[in-house]
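Chemist: Mind docking chain Y on chain U? Use the hints.
Keeping their order, the protein sequence lines are chains U and Y. Sequential numbering from 1 applies to the first sequence in the UniProt record's numbering. Sequential numbering from 1 applies to the second sequence in the UniProt record's numbering.
No lab work stands behind these hints: they were computed from the structure. Be aware that a few hints might be false.
Stated by the list, open to error - Stretches of chain U that chain Y covers, calculated by requiring three or more beta carbons in the stretch to come under 8 Å of a beta carbon on chain Y:
(1) 174-187
(2) 214-222
(3) 441-455
(4) 472-482
Ideal placement from N, C-alpha and C gives every residue a C-beta, glycine not left out.
Here are the chains, one letter per residue:
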Amino acid sequence: MDSLNLLLEGFNTALTPMNLLYALVGVTLGTLVGVLPGIGPAMTVALLLPITFNAPPASAFIMFAGIYYGGMYGGSTTSILLNTPGESSSMITALEGNKMARRGRAAQALATAAIGSFVAGTIATALLVVAAPAVAEFAITFGPADYFALSLLAFIAVSAVLSRSIVRGLASLGIGLVIGLVGIDAQSGQARLTLGVPQLLDGISVVIVAVGLFALGEALYVAARLRHNPPDIVPIGRAFLGRSDWSRSWRPWLRGTALGFPFGTLPGGGAEIPTFLSYAIEKRLAKGVAKEEYGKGAIEGVAGPEAANNSAAAGVFVPLLTLGLPTSATAAIMLAAFQQYGLQPGPQLFNHNPALVWGMIASLLIGNLMLLVLNLPLAPIWARVLRVPRPYLYSGIVFFAALGVYALEGSYIDLLVLFILGMIGYAMRRFGLPVAPAVIGMILGPMSEIQLRRALAMSVGDITVFVTSPISAVLIGLSLLALLTPLFRWYFGKRSRSRRPGPPAPAREPVDHK
Amino acid sequence: MSVQDQSGGAANSGAAPPTPVTRKWWRPELGFALAVLALGVFVLVDTRNVSATSLTGPGPRFFPMLIGAAVVLIGVFYTIDVLRGGHGDPEEGEDVDSTAPTDWKSLGLVSLVFLGFVLLVTPLGWVIASGLLFFGMATVLGAKHPLRTVAISVILAFGSYFAFAKGLGVTLPAGVLEGLI
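With the rest of the complex left out, here is chain Y:
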C-alpha cells in the first residue's frame, strides 16, 4: 500500500508526494483525522451541560473547554495534513507486515470473539468464558493444532482461576461451575 518512507507526515508534505498511488482524496486516514476533530467538538458540546459553579478560580468547565478547543485545532491541522497528502507510517513490529493490506476478516473475527467473551463472562463464569476466549483467539490467529490449543485453553482457564481467585483473592465469577470448583 504505502511506501517505506522515512519522513512521513507533516515533515514531508512540502515535498512531492512519495508515490502517486493514493491520489484519491478520500482515504481511511482522513476519516481518522475527522474523528479527532469530532472528538474535540464533542468535548466542547458535552461540557456545556456541566453546571459551572465555583467560588474560587475557574470551575469544572474551564479545563475541558481548553482541551476541547485544543483538540479541535489539532483535528483541523491533522485533516489539512492528510488532505495535502501527508500520511503516518503504519507502526512496524516483529510480527507485523506493515505493507500488507488490512485483513478485515481476522480483525472482525477477533473482535467478535472478544465481544462474545464480554457477553458470556458473567453468566458462564470466568473459567468457561476465558477458556473460550483463548481458544477462539488462537484459532482465528491461525493456531495449527486444535487439540493442543484446547489443552492450553483449559490449563490457562483453570490455572488463572485457581491462582488469582483462590490464591490472590481476586474476585472472578465461578458462573455455572459454582459449587464445582
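In isolation and in its complexed conformation, chain U is listed as follows:
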C-alpha cells in the first residue's frame, strides 16, 4: 500500500497550522461563492491567482481545492432554497430539493445534501488515491501524439456534453482556442493575432479571460434582464436528519457516489450526466412513501444527485493530476495555476512533487470534514447570504473583477480586454453557448499545439503517427464518435418521434415568471 504511505505523508503537509488555515479560508470562500449567484469557484480561483503567487504552491493548491469543493456545497444550498440554480450540476438537486423545502422540509434537504456530499466526497477522494497513481503509471507511456489526441477528445467531449447543441459548444471552444493563440509563439518567437498591440505579445492572461467571461459577462447579462421581484427564499432553521431520513438517504448516497466518480474521470467530465442518471435511478427504485413523494419532494432525489455531483468533482482530479487534462472550467484554471508555479501536471508530477500532490489530496479529505461542519449548523447563515441586495452583489462582483485584473499589470489595456471579453461572455449567455469550453480551449489549446508540433517534428511531418499509435488511434476514434452524436440523436429522434421519448434533459417545471 504505497499510496497509503504517501497519503499519510500528505497529511503531514496538510495538517500544519498554516495549511489548515489555507484550507479553512478556501472552503469558506468556496461555500460563499457557491451560495452567491453570479459568481462561482472557477472565477474565484482565477481572481486569487495573482494574490497567491507568493504563497508556497502546496498551500495555494490546498486553498484552491477547498474553493472547488466548497463551491459544490454552496451550490446545493442555493438550488434547494431558491430553485433556479446557476450551475448546471445542481439543477437536478433543485427538482426535489426545492419542493422539499417548500413543504417545510428544507432542513432535511440541506442536511441530506451536505452529509451526502461529505460521504461521496470522502469515498471518491479515497478512490482518487487508488486510481490516480495507476493512471499516472499508464500515462508514462503516452507520447506527444497520444497527448494531442487526448486533448482533442477532451475538446470535443466537453463541447458536446456541456451544451445541448454540439455546434454551440464547439463555437464556444473555438472562441477559447483563438484567444489562446494570441501572443508570441514560444518556439519561433513570432507574434500571432496581436493586432500590433504590444501589450498582447505576452498573450491574454487566464485571469482576464476567466474574469471577463464569468464575472463581467454575468454582470452584463444580469443587467440586461434583471428579475425585479425579490428572490423567493425558503426560510430554514438548523439542518438535521431524522431517523427515517437517514435510512432513506444512505443507499442513494452510495449509489450516487458510484455513478459520479467514473463520469468525473472521463474527458467529457462534468457532473450533469451522473446527477441526472442518479435522479432517474432513484426514481425507478423508489417504493412506498418515496414513490408517492417523488416529484413532490422526495429525499432520495436530493441525496443521490448531490452525492453524484461531489463524487464527480473528485473524479475530475484524476485526469487533471495524472494527465494535465482539465475537464471543467475550475480544473482548467487550476491547471493554469500549476503553470504559474512552473509545474506541469502529468505522470511526472507524482514523482517530482509528491508533497504537493499528496498534500492536496489529503487536504481534500480535511476540507470535506470542514465543509460538513460549516454547512450543517451554519446553514441559516448561508441562507441569509442569499438575501444580499442584487445591485450591491453584482456591483461588488464587477468591483473585484476590476481589482483582480488591474492588480496584474496596472494596465488599462487589460481592463479594455476585460470589457471585450465581458461582452463576449454576455453574448454567449444570451445565445445559449456554454462558457466552460472557451476557458478549457484557451488553457489547453496552447498545450495541445506543443504536443502536436512535437509529434509531427518527431515523425518528420508524417501525420500517420496519430493512427499508428494505438492509444492515439482509439482516442481520435472516440473524438469522431462524439462529433457524430448529433447525427445519431437526429436519426433516433426521427425514428421515435411518434412515441416522443422521455425528455433527455431534466423535466424542469415551467418556471413561473410573473
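Modeler: Then chain Y, alone, in the frame of chain U:
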C-alpha cells in the same frame, strides 16, 4: 420571447419549430453565428502575415491555420443551424428573467460606467475611480438607498486600497490622492 424549450438547437432542428414567433430570417443570433464565422476568417487571414520559419516540424502558422479552418467550419454549421430555426436557450440563473426582453438601457449604462472607470483609473487613482465604479454600477442596477450606496462605495474603495496596496503589496495607483493616503 423564446419559449421554455428542453432541447433547443441542433437536436430539435429536425422537428417542427416550437413556436412560429420568430419566422423572420434575421435574428440577433444569426449575427452572432456570422461573427463566429468571421472570427475564423480573421484567424486565417491574420496568420498569413506570420513568417513561417521552422527547422523542425510545423512552424508557427500550422496550428492557427488548423484552428482558423475549424472555426470557419463551426461558424458555417452554426449559421446553417440558426437559419434552419435552431436556437440556443438563454442561460438561466438565480437573478435572471430569461424570458424578459433585453434591457438595452441598463446594458448600455453599465458598459458606460465600466468604460468610464477604465478611462479614469490612471489619472484619478484606484480609490476614487473604483468608488465611482461601484456607486455607478449599483445605481444603474437599481440600488434603493443612495446614501447607503455611497457609504458602501467609500468603504470598499478605501478598504480595498489599504488591504491590497498597503497590505498585500499589490500596485494600485494613488492618483490625485497621492501623498494623502
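Chemist: Next, verify each hint and record whether it holds.
Modeler: Here's how the hints hold up against the structure:
no.	hint	in the structure
1	174-187	holds (count 7)
2	214-222	holds (count 6)
3	441-455	holds (count 5)
4	472-482	violated (count 0)
Of the numbered hints stated above, the single one contradicted by the structure is hint 4.
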